[in-house]
Amino acid sequence: MKKKTVYALLGVAVLGIAGFLISQALSSSLVYFILPSEYARDVESFEGRRVRLGGLVEAGSVQYDEQQLHLTFLVTDGIAGYPVRYDGAPPDLFMENGGVVVEGKFHDGVFVGDNLLVKHSENYHPPTDGSPIDVEELKESLR
Amino acid sequence: MMELQLGPLGSAGVFLAFGLALYGAVAGMLGAQRRDARLQTSARLAAVAGFIVSTAAVAVMQAALLTDDFSVSYVATTSRIASPTWVKVVTLWAALEGSILLWAWLLSGYTALLAVTAPLSPLRPWAVSIMQVVQVFFFGVVAFLANPFEVLPVPPLDGPGPNELLQNHWMMAVHPVLMYLGFVGLTVPFAYAMAALITRRPGTEWMTQTRRWTLTGWGFLSAAIIAGGWWSYEVLGWGGYWAWDPVENVSLMPWLTATALIHSVQVQERRRMLKPWNLVLVITTFSLSILGTFLTRSGVVSSVHAFGSGPVGPAFLVFFLFVTLVSFGLLALRWDDVRDRADLDSVVSREGSFLGVNILFVALTFAVLLGTLFPLVVEAVSGDKVTIGAPFFDQVTLPLWMLVLALMGIGPLLPWRRAEQQRLTHNLAWLTGAFVVAGGLAWLLGVRKVYPALTVGLAGYNLMSLGLLLAGALVPRLRLAKRSAFAVLRSYAHESRRRFGSMIVHFGVVVIAVGVAFSAGYRVDQQIRIDFGESAEFDGYTLTAVDRFVERTPQRISSGAVIEVSRDGRPVRTMTPRLNVFGDSRAVPTPAVMYRPSHDLYLNLNSTVGPTTTFVVLRVVKSPLVTWIWIGGFILVIGTAYALGGSTRTVPARATVRAEERAQA
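Protein chains in written order, with this note's numbering: chain A, 1 to 143; chain B, 1001 to 1665.
No incorrect hints appear here.
Some, not all, of what chain A presents toward chain B, calculated at C-beta under 8 Å: (1) 21; (2) 29; (3) 32; (4) 88; (5) 89.
These are calculated hints, taken from the structure and not from any lab test. Where is the CB? At the ideal position from N, CA and C, for every residue including glycine.
Let the sequences and hints guide you as you build the complete structure.
Following this line, the structure appears as C-alpha cells:
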C-alpha cells in the first residue's frame, strides 16, 4: 500500500510538471492566423507577437530590390492594409492581387516577415468588378 | 468481340475482396465460437482467396496505368501518358483512392500470410477474423467511397499526371509502401491482442505469437519515417527534414507507442507484469494509425501534404471511434482477467527502466498529439485560426528525447528484478565518465549549444554502455573458450540475435541523435543572389554562377543554374539546382545536394532561370552531420532485420520437440 502511495504521488508530480511545461510551451508558441483588418482591430495584443498574416497583395504596391533581395508590398483584405517587409526573392507565383500568407511579427505597423507563402486557391477569386471582398471567404481560402 | 474493360474488372475484384473479407470475418468468428474446424478453415481459405482477388485488382490497376486507360477514373485523374514507366507504377499510391487500395491489398496479404503460417492456437481463428474485420472496412472504403475503378463514359485523351512533388523523386516510390507495411504489420499484434481478450487468454501467448510481426511493423514504420524525412529533405527545398507538420506527426505517434510496446512486452515475457499496459499500447498504436489517416485525409488539419477532403475522412473517423470504443470496452470487460498481480521489486532494475522508457514514450506521444490537435480545439472553441509551430514541439520533446537517450544507456545494463549496488556503481561510474569526457570534448571543440553538447555527451555515454554490454557478454566467454575475440563475438551475435540486434538498433539511434542535434543546432541558412559569371561567399565556400541551362525531356522541362563550388581556391563540386515542370503543373524546385560526412551543402533555386536572366537567387543551406541521420536510420533497420533473422529465443515447447527429433534421429 505504501509503495503504491509513493508511485501515485510520483505520478501526480510528474504529470503536474509535464502539464505546466506543456501549457507554458503551448501559450508561447501558439501562432494566430489573422487578416490585416483583425490586426487593425486589436493592434496591442498582436504587437511583437509571432503571427501568420494573410491577405491579398495590393496591386501596384510591390517593390523588389533585386540587388539586395528586399521585397516590400502591401497586404490587404479590402478593409485594412499594412506594408510587409521580407528579405528574399518573391516566390514562384507571387503576383498582384494574389493570396499570400506571411509569417513574422508586427513592429510599429510594419510587418516583418521571415517566411512568405503564396496561397494559390482554386476556390477563391477576388472580385474584379470593384465589389467588396468577403473577408470570411478570403480567410477560409488562405488557411 | 467485346473489348476487355479494365474498370469493371477491377471493380469486380474489389467487391469480391470485400465480400470475401466479410464472409471470412463472420465465418471465422462463428467457427471460433462454436469450435467448428470446418468453418475456421473456410475463413482461412477466404483470407487466401481475398488476397488473390485483391492482387488481381491491383494488377488490373497497374495494367490500366501502364496502358494509359483513361476510361478508369483513377488513371484519368492521376496519370499522364508522358510519365516514365516507374512513375506510372508508383502512381498507384500517388493519390487517395489508389493508396487506400494499396493499403487494403497489403492488409489482405498479411492476413493471408497469417492464415497460412500462424501456428494453430485458440487465438488464431479470432486473430484472422479480426484482420478480416479491418479488411472489411478498407475494402468497403475502396468499393463504396473511393472506388478508383469507376468507368468514365467519355475518357479524356490525357491526364494531369501525379502530384508534381511526388514524381520529382524516386523516394516517393518507397516511402508510402514502407509506411503501409508498417501500419499493416502493427495490425497483426492488435488482432492477436483482441483475440486474447475475447478468449480470456491475456497471458504472453498473443505476444510470443506476434513478436516478429510487431518488430517487422516497427522496422518498416521506422524506415518509412526516415525515408519520409529524406524525401522532404531532397524535395521540399528548405533544407530540412522534419517540420512537425501534422502529416509527419501522425506517422510519428504510432511509432512512439509501438516503440514503447516492443520494450514493455519484454517485461511481461520475463516478469508477467504490465499485461493491461501492453494491451493499451497495442490498441493505441492501431487506433493512432487510423486517427492519423483520418486527420491527413479529411482536410481538418492544414498541412503541406494533405490529400484533400471527401467522404473518406469521415469514414476513417467513424472507424477510429469504432475501434477505440470496442477495443477499450472489451479491455474494460476483461479487466479482472488482465490485472497485474506482480509488483515491481525495485525501480532500479531492467523492468524499472523499461517502465521509465514507456512513460517517456507515452509522454512524447501525448505531447505530439496535443500539439497536432490543439489548433483544432482552439478553432472549435474560439473560432480563431491558429497553428502550433515547431518551437512548441522542440521545447516539449527535446528534454524527453534526452531522457530517452539517458535511459537507453543505463537500462540494458541493469539486471532484472533488482540491481546489485556494487555493480551499479561501477557501471554508472563508467557511463558518467564517458558522458563527461565526450561532452567536455565537444565543449572544448566549440560546441556551446546546450542540446548538441548534451547529445554528444549522451552519445559517448551510450557508446560506453554498448561497450560495457559487449564486454560483459564476451569476457566470460573468452575466458572459457580459448578462441579469438572475433570468433567469440561472432558466436555471441549468432546466439543472442535479439540482444545483439537491439544493440545495433540502439547504436543507430545514437548516430541519428547526433545527426539531428547538429543539423538542427548548427544549420546555416541564407538567401544569396549571384550574377552569372560572378561569385559569392558562403560559410567558407565560394559559389560561382557559371551558366544557366534548359533541358527538355518528354516528361518534363528543367531549367536551372550551373554553380561551381570551391573552397580555399580549390574546386569542390559543380552543382545544378533546377526547377522542374511536369506537364501543366507548377514548377517544382529541385535542390542540388552535396553529401559530405561532415556537412551537406544544399542549393535551392529561389528565382526562375530563363535564357535571358542575368542572375540567380539561391537558398543555400549548410547542415552539419545531417547525412548521419540517414546512415543511422540504415543501421537501425539492419539491426531490426538482424534481430528478426534466424530463430528468436525458442519457445520451450518447440525446443523439446526439436530435442526429441534429434534424439530420434
